[in-house]
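Asks: Residues per chain are reported as follows:
There are 2 protein chains.
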Amino acid sequence: MQRIAFKMKVKPEKVEEYIEAHRHVPTNLIELYRSAGIRNLTVFLRGSELFLCLECDDFRAAQNRLENHPAEKRWQAQMAELMGTDTDLQPGEELAFFKEVFHMN
Amino acid sequence: MQRIAFKMKVKPEKVEEYIEAHRHVPTNLIELYRSAGIRNLTVFLRGSELFLCLECDDFRAAQNRLENHPAEKRWQAQMAELMGTDTDLQPGEELAFFKEVFHMN
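Chains X and E, in that order, give the protein sequences.
Using the working numbering, read the first sequence as starting at 4 and increasing by one per residue.
Using the working numbering, read the second sequence as starting at 4 and increasing by one per residue.
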C-alpha cells in the first residue's frame, strides 16, 4: 500500500469557490476514484495552500485509469480555473510530492 | 473522529538527522501516542518542509496527556534542535494547522 502526499495552491481569490466545490464532489467521481484503488483521500487547506494525501495500491496505475475518464476530465477542467501556481514545483515534476518519513498505525 | 494536519519546518542542514531520528522513534513514545488516542500518524517531508497528519478522538485531550510525559519531553527536546522557523505561523497560533475541506473513505 502506498501513501501519497502532495501540495498545491489555490488562487487566493478562488478559495471559497474551491471549498464550495468540494462540498459537492460528484458521486460518480468518488466512485471512479474508489474503483481506481484510491482510499482515505483527504484535502487539507490553509490560506490558499492545499495538502492532499491518499492511500492506494499503485498511484501510477490509478492515474492512468483516471486520466481519460470523462468525470475526471470534467472535474480537472473545473479545478483548473481555481488552481494557482506552485512556485516550488521542480522542473520535470508533475506534482509537488512529499515523501513519507514516518508512519504509525 | 478528528483528522488533524499541520506543517512545520526542519532546519535545512538537519534534514538527514530528522529522517534518521524517525527511523528510530522510541517504542515507548509510540505506545504513549497510541494510549493518548492518536492513530494513523504520518510525517511527510519535501525539502525541509514537513507535513504531519493524524487521526484522533480529541486532539486537545491527546496533547494534554502527552505534554508532561517524560518520553514526549525527551523527544520534543531532541526535535527542538532540528526544527526550523515556520514564518507562516500566525500570532497566537501554536501550530500551523490546516483544515479539512474534503474526505473520501
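Worth flagging that the hints you see were computed from the coordinates, not collected in a lab.
Each hint should be verified, as a subset may be incorrect.
Same chains, same names: a pair is fine if it fits in one copy or spans any two.
What the hints assert, rightly or not - Only pairs whose alpha carbons sit at most 30 Å apart, straight line, appear in this in silico DSS-like list of lysine-lysine:
| no. | residue 1 | residue 2 |
| --- | --- | --- |
| 1 | Lys102 | Lys17 |
| 2 | Lys14 | Lys76 |
| 3 | Lys14 | Lys102 |
| 4 | Lys12 | Lys102 |
Note that the structure is a prediction, hence the values are computed from the model and not measured.
Asks: Now look at each hint and say whether the structure bears it out.
Replies: Hints and how they fare:
For the homomeric pair Lys102 and Lys17, the shortest alpha-carbon distances inside one copy (28 Å) and between copies (16 Å) are both at most 30 Å. For the identical chains of this complex, Lys14 and Lys76 are intra-copy neighbours only, at 20 Å inside a copy versus 40 Å across copies, given an alpha-carbon limit of 30 Å. Proximity of Lys14 to Lys102 under the C-alpha cut-off of 30 Å is found in both arrangements, the shortest distances being 25 Å within a copy and 17 Å between copies. For a Cα distance limit of 30 Å, the shortest separation of Lys12 from Lys102 qualifies both inside one copy, at 18 Å, and across copies, at 14 Å.
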